[in-house]
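Number of protein chains: 2
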Amino acid sequence: MQIKLSLALIAAAVAGSALAQQGMKPEDMIQTRQAGYKFMAWNMGKIKANLEGSYNKDVVLAAARSVAATANSGMGALYSPESGKDIGHVKTRVKPEFFEQPEEVKKVAVAYIREANELARVAESGDPAAVKVQFGKTGESCKGCHDKFRKDEK
Amino acid sequence: MQIKLSLALIAAAVAGSALAQQGMKPEDMIQTRQAGYKFMAWNMGKIKANLEGSYNKDVVLAAARSVAATANSGMGALYSPESGKDIGHVKTRVKPEFFEQPEEVKKVAVAYIREANELARVAESGDPAAVKVQFGKTGESCKGCHDKFRKDEK
Numbered sequence: 001m002q003i004k005l006s007l008a009l010i011a012a013a014v015a016g017s018a019l020a021q022q023g024m025k026p027e028d029m030i031q032t033r034q035a036g037y038k039f040m041a042w043n044m045g046k047i048k049a050n051l052e053g054s055y056n057k058d059v060v061l062a063a064a065r066s067v068a069a070t071a072n073s074g075m076g077a078l079y080s081p082e083s084g085k086d087i088g089h090v091k092t093r094v095k096p097e098f099f100e101q102p103e104e105v106k107k108v109a110v111a112y113i114r115e116a117n118e119l120a121r122v123a124e125s126g127d128p129a130a131v132k133v134q135f136g137k138t139g140e141s142c143k144g145c146h147d148k149f150r151k152d153e154k
Numbered sequence: 001m002q003i004k005l006s007l008a009l010i011a012a013a014v015a016g017s018a019l020a021q022q023g024m025k026p027e028d029m030i031q032t033r034q035a036g037y038k039f040m041a042w043n044m045g046k047i048k049a050n051l052e053g054s055y056n057k058d059v060v061l062a063a064a065r066s067v068a069a070t071a072n073s074g075m076g077a078l079y080s081p082e083s084g085k086d087i088g089h090v091k092t093r094v095k096p097e098f099f100e101q102p103e104e105v106k107k108v109a110v111a112y113i114r115e116a117n118e119l120a121r122v123a124e125s126g127d128p129a130a131v132k133v134q135f136g137k138t139g140e141s142c143k144g145c146h147d148k149f150r151k152d153e154k
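Chains A and B are the protein sequences, given in the same order.
Quick note on this note's numbering: the first sequence kicks off at 1 and runs consecutively.
Quick note on this note's numbering: the second sequence kicks off at 1 and runs consecutively.
Source of the hints: derived by calculation from the structure; they are not laboratory data.
Treat the hints loosely; a few may be bogus.
Remember, identical chains collapse to one label, so a pair may be satisfied in a single copy or spanning two.
Derived DSS-like pairs (lysine-lysine); straight-line CA-CA distance at most 30 Å [stated by the list, open to error]:
id : residue 1 : residue 2
1  : K91       : K25
2  : K57       : K148
3  : K148      : K38
4  : K132      : K85
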């Protein structure tokens with residue numbers, strides 16, 4: 001069901017500027033997408049800590065579902081062209097290439113959504129070894145976008 | 001399944017300072033929980049916009065699942081006593097009462113988790129009228145905490 005939904009939503013999730021949310025200021029888009037990534041990073045960090053220490057199936061499953069729900073939430077709508085540069089004190093690390101290479105963005109986004117949903121699925125098993133493998137793949141799919149479309153930290 | 005999980009996790013989700021995440025700085029706790037609420041507010045806003053305008057079942061379902069996943073994610077761990085006050089430029093609106101009334105916190109947290117999971121369940125139906133009712137209940141459960149434990153905006 002989760003997987004089915006994610007496929008149905010991939011178009012919306014990855015379409016980026018074409019589906020940019022109406023009525024939302026670009027600075028609010030920047031802050032909202034950064035909030036989503038920050039909260040997701042916290043959940044990824046919990047999974048990592050569980051893999052490296054004492055493994056709690058429920059905690060990992062809840063974290064993995066939060067990561068997947070974020071991936072499925074259609075964050076492409078938070079990337080209008082106007083949100084591609086710093087606005088006052090609101091800074092963004094997105095590269096201009098993000099808005100120039102929609103096909104490439106789609107590719108990395110589809111991979112990320114697929115791996116995140118698979119992470120939530122695998123987490124149901126409660127098998128740390130399987131989760132570890134899929135956690136690695138999910139992290140790689142995050143990195144796939146960072147490497148291409150995110151500027152290095154200043 | 002989602003509901004079952006949420007019940008299993010309620011203890012972790014609401015325990016607050018008792019389960020504060022080890023190794024996390026209080027200012028990072030403040031920023032991470034605010035990120036979670038901000039991203040959730042975006043998803044609630046999408047549901048509201050769909051109820052008031054053109055209703056897209058997939059968008060509402062994805063948003064509701066993101067809200068529920070956030071509710072189930074164990075944010076109680078982001079409330080150490082040290083995170084109860086402003087730290088440098090990192091401001092928090094949490095009231096001291098939050099740390100003094102754990103039973104009351106538990107009550108509002110349990111209500112919020114229950115309503116958010118129910119929202120995700122009802123969204124599967126694709127019935128705007130049913131979603132509208134449950135969206136209202138979920139909003140009330142958010143307000144239940146805001147009224148008691150969040151300071152007014154300055």
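Hint check results:
no. : hint         : verdict
1   : K91 <-> K25  : both (14 Å within a copy, 23 Å between copies)
2   : K57 <-> K148 : neither (33 Å within a copy, 32 Å between copies)
3   : K148 <-> K38 : both (19 Å within a copy, 26 Å between copies)
4   : K132 <-> K85 : neither (36 Å within a copy, 36 Å between copies)
Violation of the numbered hints given earlier is confined to hints 2, 4; the remaining hints are satisfied by the structure.
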